[in-house]
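Can you build the whole structure from these sequences, using the hints too?
Number of protein chains: 4
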Amino acid sequence: MLAFEAAWTRALLSTGAVTQDDATKALQSIEAFDPSQTDTLAEGSNRDGLPVPALVKALRQGLADGPAQAIHTGATSQDIIDSAMALTLLAVTDKLATGLRSAISVLDDLRDRFGDAPMQARTRMQVALPATVSLRLAAWQRPLAEHLGRLDTVSNEISKAQIGGPIGLRDRPQGQGDAVAAEVARLLGLTPAPVWHTDRSGPVAMGHWLTLVTGTAGKIGQDMALMAQQGVDELRLSGTGGSSAMPHKQNPVLAESLVALARFTATQQAALAQAMIHEQERSGAAWSLEWLTLPAMCEATGTALRHLKTLLNSVDIMGE
Amino acid sequence: MLAFEAAWTRALLSTGAVTQDDATKALQSIEAFDPSQTDTLAEGSNRDGLPVPALVKALRQGLADGPAQAIHTGATSQDIIDSAMALTLLAVTDKLATGLRSAISVLDDLRDRFGDAPMQARTRMQVALPATVSLRLAAWQRPLAEHLGRLDTVSNEISKAQIGGPIGLRDRPQGQGDAVAAEVARLLGLTPAPVWHTDRSGPVAMGHWLTLVTGTAGKIGQDMALMAQQGVDELRLSGTGGSSAMPHKQNPVLAESLVALARFTATQQAALAQAMIHEQERSGAAWSLEWLTLPAMCEATGTALRHLKTLLNSVDIMGE
Amino acid sequence: MLAFEAAWTRALLSTGAVTQDDATKALQSIEAFDPSQTDTLAEGSNRDGLPVPALVKALRQGLADGPAQAIHTGATSQDIIDSAMALTLLAVTDKLATGLRSAISVLDDLRDRFGDAPMQARTRMQVALPATVSLRLAAWQRPLAEHLGRLDTVSNEISKAQIGGPIGLRDRPQGQGDAVAAEVARLLGLTPAPVWHTDRSGPVAMGHWLTLVTGTAGKIGQDMALMAQQGVDELRLSGTGGSSAMPHKQNPVLAESLVALARFTATQQAALAQAMIHEQERSGAAWSLEWLTLPAMCEATGTALRHLKTLLNSVDIMGE
Amino acid sequence: MLAFEAAWTRALLSTGAVTQDDATKALQSIEAFDPSQTDTLAEGSNRDGLPVPALVKALRQGLADGPAQAIHTGATSQDIIDSAMALTLLAVTDKLATGLRSAISVLDDLRDRFGDAPMQARTRMQVALPATVSLRLAAWQRPLAEHLGRLDTVSNEISKAQIGGPIGLRDRPQGQGDAVAAEVARLLGLTPAPVWHTDRSGPVAMGHWLTLVTGTAGKIGQDMALMAQQGVDELRLSGTGGSSAMPHKQNPVLAESLVALARFTATQQAALAQAMIHEQERSGAAWSLEWLTLPAMCEATGTALRHLKTLLNSVDIMGE
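Residue numbers (this note's numbering), protein chains in the order written: chain A, 52 to 371; chain B, 52 to 371; chain C, 52 to 371; chain D, 52 to 371.
Calculated from the structure, these hints are not laboratory results. Take the hints with a grain of salt, since some may be wrong.
If you want the footprint, here are the derived chain B segments under chain A, 3+ residues with CB under 8 Å [to be verified]:
| hint | region |
| --- | --- |
| 1 | 105-111 |
| 2 | 145-152 |
| 3 | 175-183 |
| 4 | 191-199 |
| 5 | 258-264 |
| 6 | 331-340 |
Cβ coordinates follow ideal geometry from the N, Cα and C atoms, glycine included.
Okay, structure coming up:
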């Protein structure tokens, strides 16, 4: 949000809407803001339904009118929150891409180690035909690689600067709305795009991708839990979970977690997608549904990829 | 499914796996199959969990061993069902694209008729600033056009031939699995692609797109229901729904339907995405979740676009 | 719906709001209505968002004013639809209770046949401690019996007559709204209750119970699919599903179906419960969400109990 | 969890399974445990999938074998976690009941203040018939009171002690499993009940009730947001949310929050109910789904009731 406000002030300066001096003082105030002072923002959120009025007030605190007006003027709460969300989601996809690459790489190792080991292929929970571990590993790895490939599409969906002003007209500052929007997007490294304040396809597309990623991790977790069963005996893990009552047991707890995280994430998508029904020029009810779901989905996906790597790295033996 | 079986037999012929004579007789049987005889397939589905064994048996009925073996040999139930689903979903997207184009076109008309009419922009259910009807219309039309644009991505996701054989090895007929797969894909107009029997990203991506489309239709419906309120009076519709108790009332029933269909479709995505957790080489439990949800989502989306067009066409007055 | 209209006319008669002669003619018309003439109702539903105005018009067709007014006068569409839904859901619970009792009884048989057979208890997908089949069977049977016991609560929730008139005031016929409501409830065998037109706790409670029932069936299905695995070998079924590619396979397709139906039903509850957000005195958007979900949930539960019985009856061997 | 362990030790003592001296030392250790040392438990959870093995180890730390064995022996992780969850959920329902009573009471005040004020009843987003504010207030209050009444049923569902030992046989300590279970339940103020380790109807019933409560709050929020619209003008609130771009605006942010919290909670029920498919004698995947959803649902409901009270208390004018 601070990055947005700084870019906004710079864009106001570049279009001549504010003076160099006012902009400099405004930027100093933005830079000096201590984001750990979250009490103010929380209190403001409780009152206003979002933290922006309180943030803007804090940024303008102690400034003369000129510099104060060089902050946020012409923008609206949704501009700053949605653009900040775009920046955050892009950062999240970077981390998740790293997690995907790690998992893919460990799967390469596993194929080298165990790919030729015999293993029964199983369909509909029944032994089908003899195969090797490589068949299963390829079925795990392929979608992970494709999810990486889908990141281009997802990034296109989410990397759009949101700049529309109070009702989405992008008419501020007067006559320069488009110029400011383009400059803010450039400064933030976001795509210039039409206003999307009432079209939530971007966040929903992000949720969809998270659902795919956790879904594949969940498939791997389910497979590994099944492979680790006594009687099936196609997988031995090291360092698995202990039991308070049965010390002899080694539970594939991370594999089970992957299944739970996948089901959790898939379900959140149902709530997130309701946000598409975003009435009029801004819906608090629809918008805040995104905040109740999308961060949790990002965390669940990050956790799933972390667990997936740990789990795959803990394989001692695979195949019969 | 019949198209797949015919393509399969032709591919077996083209690779020399079956003789011209056997293939001809096999194709005659496939062509002669009366798809309205669904009793046989329903009964088989009840027994086997899917209609393919019964279909194959029916297609081979009365054939000598040679022609009988020129049908389905080397394929598996999932190959035929998933490839048939790909063909069906592509046909569905064609119809839905037409619906989207219609709605976009009616919105053009509405902009011409009412775009300059004054209308209050409303944010968070409160009057924000004066605007014109064109602001609202643009916010309805833009995502519809973008959903059309997203069809390229969706088509890429769903138009993949599924050819893997019993466990996904694509090793049948021996030594010619890849050649047959490529030929079947070519004949069906599908993309040759790696086997995706356990990776359900394609169907889930289709569901995601349906969620976006119905979501935007739901947003429009919600807006129109709000605009039609007495006191707001920004919309008058002709031919709206009657009441059994209050004959004076004119209810925006199609607008309400759009909201319901959007919430319904968004929720199905939660069940559909659970299908990603597709254990081992084929999961009946995960797979059949797709059949319980995706057809209903397609129908809901088709209905939504039909209602949307009717509703937009019924606008008598828009704006203050 | 016809039962409601007949009861309504009789209640109008009993309170003196209509004459015996008009009531008799009205009841003759209601009785003579051919419910298979659904075209009229479908067309009316398309126009009005519900079938009641068309139905009332059809019932009054050809009647003089007196008898015509002895039909539906003072009621509203929601009265008839919700009360009819109550009657239907009660009939559904009767059928499902029979299904539950059947499954419980087959489980008694299985305990007699296999209860003492040794079987490993498994926790977190790992062998835990030795046990007998009776442990598993009891864990299947107990919740089914408790779901039967919960039917008292569910019936209380859903068996309420809905009588409120156009906006829920229950003020029609004038001065006799309560008397008519009580009489209609009595005639229909429903509980007299405050109007619940905007409080959808009843349908949501029904959905909750369906979720519990399919959930337990899904747990049994999941267990049976796991028990039937080669290597675990704790279950042998007769007459299971065949494969088009691997004739040697016997797939536990009904067990898998139970899992899919449980996940499907659980997800519908998310859409059904959105119907609680029922704005103002009647929400078409919220109300029709119930019609998109609750019938499908009832069908899924009926199918699940039917499959459960067939599956349990197909057990040849259980235990090691 | 500490309450459970203390009750367990006391029950072991009462049945003679441990000596007075060992029990005393065990209880001293349990009492002395500093629950703020959550690092140990978090680390253990990461390793074992739940905090119990780490907790038991910490409680036994430094004890001789006798007192150490007087802790947890014969119980299992699920006994302690599920019973602790029952205690927690009961405490939650107490708080929520208070919130419901507060809202009901404020609605009484509002009826006294504004009940006779005229207000148009609205159905399907259209003016239906004239009414008074009391009609709307009664429709808000009635389900809240009924949700309070439903607490008896919910409490019955969730207040069951979970005592089954490692696989649910309740056979520990040998020959005294039932006696210990009864005593632990008595000490904790829970109902003695059959083991429910694999039957998750209780938590799902709790989620259902939370869905009903937030649903009604969401209905009220939706109504209030609609009433506050300019043009409808049936509601004036004090102290509503401000806007960063339009200082003149007063946004009904709490009303919108109620809608969002209702949709969020309803959706979580879809994930929670998947926990019914709880395979074998304990499913980490199904069980942990409850932990990902039920606490968030409790928090959302508490927040909704808090917001509801604040919102209702902020009413300045209601009715035309």
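Hints violated by the structure (listed by number, smallest first): Hint check: 1 and 2 fail, others pass.
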